[in-house]
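> Between the sequences and the hints, there should be enough to build the whole structure, so can you do that?
To convert a position in the sequence shown, counted from 1, into our numbering, add 1492.
Because the hints were derived from the structure by calculation, they are not lab data.
Wrong hints could be hidden among the right ones.
Said to hold, decoys possible - Here are the computed lysine to any residue pairs in the SDA-like style, where the Cα-Cα straight-line distance is at most 20 Å:
id : residue 1 : residue 2
1  : K1571     : V1589
2  : K1571     : L1556
3  : K1571     : F1503
4  : K1571     : I1561
5  : K1571     : G1502
6  : K1571     : A1538
7  : K1571     : L1553
8  : K1571     : S1583
9  : K1571     : G1558
10 : K1571     : T1587
11 : K1571     : G1560
To be verified - If you anchor each label on the Cβ, the simulated ranges turn out as follows:
id : residue 1 : residue 2 : range
12 : D1569     : P1530     : 31 to 39 Å
13 : L1575     : E1541     : 30 to 38 Å
14 : A1514     : D1548     : 21 to 29 Å
15 : S1545     : D1567     : 33 to 41 Å
16 : S1506     : A1573     : 20 to 28 Å
17 : S1506     : E1526     : 13 to 21 Å
18 : R1572     : R1524     : 15 to 23 Å
Keep in mind it's a predicted model, so treat the numbers as computed, not measured.
Don't be surprised by glycine CBs; every beta carbon is placed ideally from N, CA and C.
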Amino acid sequence: MRIVIGGASGFLGSALVDRLEARGDSVVRLVRREASGPNESQWDPAAGEVDSSVLDGVDALVNLGGVGIGDRRWDEDHKRAVLQSRLDATSTLATAVVGLSKA
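Put into structure tokens, the structure is as follows:
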């Protein structure tokens, strides 16, 4: 299977990538930094930017992206950041997928 994962470097994402690759799946990681190889694609969920061509023909899309939940105290600012980061990532990917179905 060919699987695209947002949040592949986090706690859950890195474990998922390891498991999927161990069973022979092809995994493309969405990364916020510059992509460093063919198994990575740069995206900016806060700006709503993702290369939709990386989603073309995938078997699965997993979104685990967002601000870390265990790295600081849950004050009101952090709660807003956690929520907004997940909304941004989900909206970015959903918009890209809808665009594929119209192509």
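> For every hint, state whether the structure bears it out.
Status of each hint after checking the structure:
Between K1571 and V1589 the CA atoms are separated by roughly 27 Å; this puts the pair beyond 20 Å, and the hint is violated. Straight-line distance between C-alpha atoms of K1571 and L1556 comes to about 17 Å, which keeps the hinted pair within the 20 Å bound. Between K1571 and F1503, the direct Cα distance comes to roughly 19 Å. Compliance with the 20 Å bound is thereby established for this hinted pair. Of the pairs offered as hints, the one joining K1571 and I1561 holds, with about 9 Å between alpha carbons and a cut-off of 20 Å not exceeded.
The suggested pairing of K1571 with G1502 holds, with an alpha-carbon distance near 18 Å, which does not exceed 20 Å. In summary, the hint linking K1571 to A1538 is supported, as the alpha carbons are separated by about 16 Å, within the 20 Å threshold. For the suggested pair K1571 and L1553, the alpha carbons sit about 25 Å apart, so the restraint of at most 20 Å is broken. The straight-line distance between the Cα atoms of K1571 and S1583 is roughly 18 Å, inside the 20 Å bound, and the hint therefore holds.
Between the alpha carbons of K1571 and G1558 the distance comes to roughly 12 Å, so the proposed pair stays at or under 20 Å and holds. Taking the CA atoms of K1571 and T1587, the gap is about 24 Å. The hint is violated against a cut of 20 Å. Distance check on the hinted pair: K1571 and G1560 sit about 11 Å apart at the alpha-carbon level, within 20 Å; holds. In this structure, D1569 and P1530 meet the distance hint of 31 to 39 Å, their C-beta atoms being roughly 37 Å apart.
Checking the proposed 30 to 38 Å range against L1575 and E1541 shows it is violated: the Cβ atoms sit about 20 Å from each other. Checked against the hint of 21 to 29 Å, the pair A1514 and D1548 passes, with Cβ atoms roughly 25 Å apart. Separation of S1545 from D1567 is about 39 Å and conforms to the stated range, judged on CB atoms against 33 to 41 Å. Taking the beta carbon of each, S1506 and A1573 are about 21 Å apart, inside 20 to 28 Å as hinted.
The supplied range of 13 to 21 Å is met by S1506 and E1526, whose beta-carbon atoms lie about 19 Å from each other. Distance hint check: the CB atoms of R1572 and R1524 are about 19 Å apart, consistent with the given range 15 to 23 Å.
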